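Using the supplied hints, reconstruct the complex from the two chains, each of which is provided in its own coordinate frame.
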Amino acid sequence: MDHMLSLIIFFPFVAGLLGFLVNKESIRSYGVVIAGIEFLLSIGLWIAFDTANAGYQFVEFSALIPSFGMSYYLGVDGISLFLVVLSTFTVLVSLIALNIDNDVKNLIIAVLFLEMTMVAVFLCLDVILFYAFWELSLVPMLYIIGAWGSANRVYAAIKFFLYTFAGSVLMLVGILYLGYLYFQATGVWSFSLPDWYLVQLPFNVQLWLFGAFFLAFAIKVPMFPFHTWLPYAHGQAPTIGSVILAAVLLKMGSYGFVRFSLPLFPDATVYFVYPIAIIAVIMVIYAAMVAYAQEDMKQVIAYSSISHMGIVVLGTFALNAEGITGSIFLMLSHGIVSGALFMLVGVIYDRRHTKLMSEFGGLATVMPNFATVYGIMLMASVGLPLTIGFVGEFLSLAGFYRVDWLVTMLAGSGIILGAVYMLSLYKKSFFGVVTKEENRTLKDLNAKELFALVPMVALVIALGVYPKPVLDTIDISVKKMIVLMEAKAIHVETKAFLINANSIGEVQ
Amino acid sequence: MNTLLMWIVLSPLLTSIFIGMVYMWGLKYHKLARQWYIVPALISPFVSFVLACFVFWEILTQNNILVYKPYVWLSIENVDIYMGFLGDKLSILMVLFVSFVGWMIHIYASAYMQDDEGEGKFFFYFNLFLASMLLLVLADGPLIMFIGWEGVGVCSYLLIGFYFRVSQNVVAGNKAFIVNRVGDFGFVIGMVTLFFYCTDVGFDYASIKQVVGNIPSFTLAFIGLMLFVGAMGKSAQIPLYVWLPDAMAGPTPVSALIHAATMVTAGVYMVARFNFLYELIPQVGVFIAYVGALSAFFAAIIATKQTDIKKILAYSTMSQLGYMFIAVGLGGYASGVFHVFTHAFFKALLFMGAGAVMTALHHEQDIFKMGGLRQKLPLVHGCMLVATLALCGIPPFAGFFSKDQILLEAFASGHYLLWSIATLTAGLSAYYMFRLFFVVFEGKNYNSSRHIHRLSKTMQVPIFVLAIGSLMAGFIGVPLVLGGDNHIASYLFEWTKKSLHVEHSIEFALMGLSVTVALVGVVLAYVKFYRYDFKKEYVSKGIVYNKFYVDEFYHLLIVLPLQSLSSFIASRLDIQIIDALIMGACRGVIKGGRFVSLLQNANTRFYSLLMMCGVSVFFIYLILVLG
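Going line by line, the protein sequences match chains A and B.
Heads up, the final residue of the first sequence is numbered 508 in our numbering, and it's a clean run with no missing numbers.
Heads up, the final residue of the second sequence is numbered 627 in our numbering, and it's a clean run with no missing numbers.
One chain only, chain B, in its complex shape (with noise of 0.2 Å):
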């Protein structure tokens, strides 16, 4: 059974590798029919589903914690560092649904890219990106987690940069590999200080768990945040959100894939993962939930500006991990998992939408030269509506339930003011939502004569099972109020927040405060978008718009000053001081040396001058001090 494990991680590993052998191949030799990747492709993230419900079930009615150790991947002083895989209910839980979504998005993607000379690379890729974040998931130590943790920030590197002719795209993705290079610096910084306590027992996370309660709690909130920027980097929060954005450049199926099943969730898994560590620093776990808030909130006003339907998906996706930065932080793990679990459905289905409409429009992104595709794309419709309800926080869609257990927990924790923010972008999340599903479906005098690309059925069938998702993912955390059983906080109630006790009242209220904000929100873009005029050209500038300038800050702040320090370096410094006085010095030897050479002049005279003032000298030393 515990080899299980490794196989959900080997499975989408092997075949990847597979696929890139079939596909240097066929660049080397001929052409092999699309079948030799599709297959292996599609298969191995079911496979890797599959195994996972069978630890998940073994997991269920055993009740225990599954860990498998193949081999020692590091031995150095007392420590032995193994190739480890732990099934916990978290990591199983995880990866339940990462291989689920991932396979619903391969499959997508398989319609998606079919045309694309370059799709056997692109399988290679995607697979290698979900082996690595099942690794990552399933790993039973930080050092085991980080190999996933760069492995999906390479993938995502490669695929970001997909279609690499067009140098933006690669600029995009450079953007994405050394902003999270700066987040992994922060986390393997919190490794190394972590690996300093741990030295004699392990570094699995049993391990550490017994350690941490001895380090100084100095140090301790030290390491929490060093790890916590990882997690900024890889779940793209403030001030190291900048990448995601950008990574839109890539296709769309791996937006959906780093969006919803792999990556960014990557952070908040970090943190409901070393839960043990941040229970003991809850000064550092409020500092993650009010950067978490902000994040959310300033991700939701750049969302309502925007005009590319990616960008504004990528901004909501960066405020939804804000509220799941909320949670964790205030140490309801159960509840940001929650969130990220009904996330993941809801997100992968509005990448798929948003994919199935530029795909139907010829790759048009801009949501203001779409309109009116309610008629021509009623599946795509009916499910995007689905997803954005979800997302809103509207009952009884997932994201109702998910969401609104973060809201209590920043309630009842006494967080007021991350309560307040997190309600308010609740507000904006639906405004900016349904502005984008009016302007898409809806709206008048759009262009009614262009041609509708038709879409497969391979591409519609996720799109729909992902719709089911959204709709009823939200259930296996119906909370006790409402009558539920609230199956998933029982699941996870190793990492629930034990001391939780809020008045049913007040949980009714703040439901139907946070239900009324959104639907306020609804409204407002019901009002000014859904019968927005096309004629009109849409006028997008302003602060909002450009993203607060941000990334021009950043440029000016960092890139530049790093660019020109460094060809100063390069071209000053290194060439005409350091090297120029090393020179200098071989040169003063050499004139040193002519000089000398004066003396040696083959002159006879000269050097019986020469001789007769040495002796003199020596006689008037020997007189002088002897005599």
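Isolated chain A (complex conformation) (with noise of 0.2 Å):
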């Protein structure tokens, strides 16, 4: 298979312009196999992965504009193969539990349009490749949004789309000084990011160029002060959306950091490290208290997202292995279940027209699959061992354990808080007696949501109980990314700070 990451990405594409001469009676079936197919692909990938080798594989090179150095560059290594198989897999599970009737047609086939760009940001090497297919991934879902969402749609499809971009824009400028820089120090062009990863840059250069970054990945993540978008598109949003947003967009963010943040300017990560360190603990900690303040089951589990990506914030700034392989894992883990919770809000909705949890009450005497299905990923979502959640967290704050204590403690607080507002929820909406008399009537989960739901079920207990195959293969891929943003760092502290980072407790 040469050409296996290619046909991962244009797959959906080429599917979803086909989608365009289908049946709309049988475009729900087509756009579920088709997704389906993609999802086995991307399986396939998984196992013809090689779990030893730390480096890129399947990597497919061919120039594009050779005098300015652009290329169809794509690869794939641990810290982004389970990425492309979790879009797959989210793409896949919410097609099946899709629930929408208007214009179904042009639904799927923008759904499909987004898991193109989507698994292309994952696997494209080439900065500029991956620059378009991250901006042309707003597209599919501004019109997601703006098309299929509730009533104040167009302004949250506006706002998400404009705060996202507007980001972006920036690191466009920080790709191509970029660029110049690489042209400058070796004479010819190139926006490939093996190539970048070889290049020593200045410390204050670092620093701009980091800053650049960072933005857009700050509010894709999103990252307090940026996360003001993302309570409007969850509140807008139809639940596919929703749940697409959750488990695979925010991840672009976090994955950025990952892939471009920290091995291209290591002296700036580790300058940094403090500041953004502290903004993590303030997600936690302010996400989490506004969450237990809404009125709305959605508006709950946005919230919650941006809580848990402050945990996979900090886990990345860890700098070490644990650290970042623990918010890989933990990326995972939110997509999953937070796909799965919004999965669920979603199926109330479609029965009541409602979100707010004092229309419910007893939701657990009337449907109990449901309450089953949503109990098991609120003890997720709160980080309970041997389910999805445990992992990851643990991880992250032990490796930041290593950077500093006090953070990490307040991070910890999260443990706490996380209980505190997902109780609430849970005790609102499905314990009591069933005071609202259209709740007593209540159908119990469908065959087609079961299909959709259990799965996600497995998974999180499966990889709970055991997450090693997962964790070693990111693993092995985030111990390479460290050792060459040691060797980079052009600092002598940053060498110190990561060799600290990284070195098991030394006895003071």
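The set of hints was computed from the structure by calculation and includes no laboratory data.
In this text, all values refer to a predicted model and were calculated from it rather than measured experimentally.
Heads up, a few of these hints could be off.
[Stated by the list, open to error] Coverage of chain B stretches by chain A, computed from C-beta distances (three or more under 8 Å per stretch; other residues unrestricted):
1) 2 to 10
2) 51 to 57
3) 151 to 165
4) 175 to 188
Glycine included, C-beta positions come from ideal geometry on N, C-alpha and C.
Written out as structure tokens, the structure is:
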């Protein structure tokens, strides 16, 4: 399979184009089949992936504009592999559970286009190509929120688009400048990431470039105080939009940190570790508190995403194998868990057309299966051991402990706050007596919904009980990247920081 | 042999999954006969118990430590964290009585929950609870222990809020989970700190043991304290005890399971398990002992004024746990575990007895509405008497021996203040327990015309078995001075305090004193409550009855500020400040754009004016600068 990655990227695109020709009645099954094939392709990629190899695999390279160093350059390593699988998996389950009837053909085609851009973001090694897909991913999402959202959808969609777009523009400037620096240093143009990895940059240049990239990623994650687009987007988006947004699109930001910020600008990264860690702690606590005060079920989960992404950011900036591997694992677990939670909110929204917790109460009596799945996902979200949520959280915290114990302790308070808002959500919606007459006749999960949710439950438990295969694969690539960072750092302090963060506990 | 360790945990785990599936099936399609879940639910703890007996025998005869590591759970950097099970003398002793008492409670529960529609769900949680506890005990490292640790937390949450239609029960469940989470937070921080030093050797107890010597003592004290915060939560010590009394919201067998076999003993076990760590930081140990003593005393005082039968028992558990922490804090791990062991029998028995009384009286929980049950429930009366005597530390019942060892431990290590608090508490315990006992079973002018619900045999058998246990359990630890062999101390030799030398005469004096104090408590209770007149209303008020307003205090100090701060952030800060700033910046751009667009007004004269201005400026610049 020489062109495995191209196939994975462009299969949904071509299928989406062909989708215009498909009959409206059969478009739904067409979408599921395409997403299923795409998912199988990504699983095939995982099977064929050499887990002992830390470098890029399935590399495809062909020059596009040689005089400017732009190329069609794809590759996958342990860091991106599971994010690709997560993307295809999320699209598959959300298409299975899709519960929208109007204009469904365009929706499914938009989702397939979106799938292409998401997968491509994780697979592109050429920075210009990466940037193109990064921006392109906004378009289908804009369309999905703007066309199928609820009442205030246009405002939310435009806010989402402009906010994230504005952040990315600076990144483009950074990319062009970095390309120019590469040209100055070597005499040839190149926008390929592995080439860039080899350049050592002066410290103040690193600072500026780090800032330019940071804004784009921070808005996407979203980091405090750039998070305000997220509640609007989630509040208005249709279920499928929220699921994909939470499960995959947010991960682009945190992936960007790991792929670009850390290895390209090691000195600047170390320089900014503390400010970012403090922002991460604020995210964890602040978002958890906001989540606690929400009355809308979907907003609780939206803010809980921000809180969890705080731990992801913290783990990433621990700059050691535990922290980064843990944070990537947490990205996966958060993708599955928050995706499932948004889907579950969608289930109840379809039945009652409201997301206000005060409208529910006693749902456990009426919808036992729904309550069970919700309960499991909630426990995973809270980070219970043997569910997928614990491993990443523990490793991220353990990783950052080596950098600073106090910050770790503050971020660890998310353990308590997470339980507070999640249990209060569960109490308000599921426990108590059924107070509203219309809730009495609610139907439990139907076959379609079970078909989408049961695999997620299975994954949540399977990867919680046995996370090792995934962790190992991520770990080997992460270690390689850390070695690269250390080799590239120009400041002695940076090297010392990295060595310290990665060494075992020395006795003082 | 080693694989048996895993099966001890798997047996209740697998049945719980099975029961859960059967229950869900029953909800969706047609309800299955109750045998479908009763039979596996009752068999699995028994299987665990039998397996534990095998392992116990193996350990006793071969005198070795069994370790079974089925697979690597996490591997990160250079550490492989195995899903590991450790069977040594300490853990297997715990497993023995946890599974046995758990089994008894299961049998009892099968009668108690008979007519409940959620019976299947109940046993699903119940078996899961037991499995989590067994995993906690058998874990070979803190991270695996944490799985069980959180597992019991979740199961207690589910079981306390079992009757979830009443919102008060759910609040109690949430409270239990969240307060425990505060403890877990401490536990995780302690673990993470420990992990920092263990990344080279592995994260099981044996490896940690090698490393602890190298950890700076300040950090070690921090680790010890943080782990103890976890224990405070699980074992309901000051200040994290508030969940325990409210946990009575669950069905009575749940209380029995939480208080006797699982959950609350986890903290004590954890400290005993980390004995190698706490031995290096005796000052933290003393702190633990004082927290324990204070909790014991505080809870005993509150218990003297409560009217709810289950709440009295809940506070007595907290009080007895305080004793255990005195022991383990002072390094007498064997004594602490011995008290855990005897306490499991009589506390389970007390809760079962309370449950029986409540069943007989149609779910009445106020002791001042009971009275005169001696004739009606003779078996329960006799068994409760045994349990009460055991708790009060009257020889030769189980509690006497274990409590006596703890008091001796406190006295011998020179902590006379601890010893006096503990002795005083013994008197208080005797008082409030016999107050309960007399009011429930004796008294005069009680309502004798009420209908007494008959108790089933299934309910009575476990009560009887545990009564024998409460009578006999102490005999494994008869101290040398009374002519015994103190089997438990020689069995748990590794966990005993090494330097403990007290004159025999002093030992006798201490024993006599503690028994006397207890008897004084009994006599006081007898005088006040033996012929209690049920005609007059019992006035329940005052600071003690209201538990010193600690709940209200927490509510005011923690819950309300969190709520108001959260809603302030959510409604003001997030929307009106942060988002408004960003939207303001956007509007600024829009407004700026409007302003700039005034220049683009398609008026040729205006354009030429601008052009003229521009050219003039350009030329002036040229003339002034270059000219």
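Structure-based check of all given hints:
1. 2 to 10: As far as the stretch 2 to 10 of chain B goes, the hint is violated, because 0 residues have Cβ atoms under 8 Å from chain A.
2. 51 to 57: With 0 residues close enough to chain A, the hint is violated.
3. 151 to 165: holds (count 6)
4. 175 to 188: holds (count 7)
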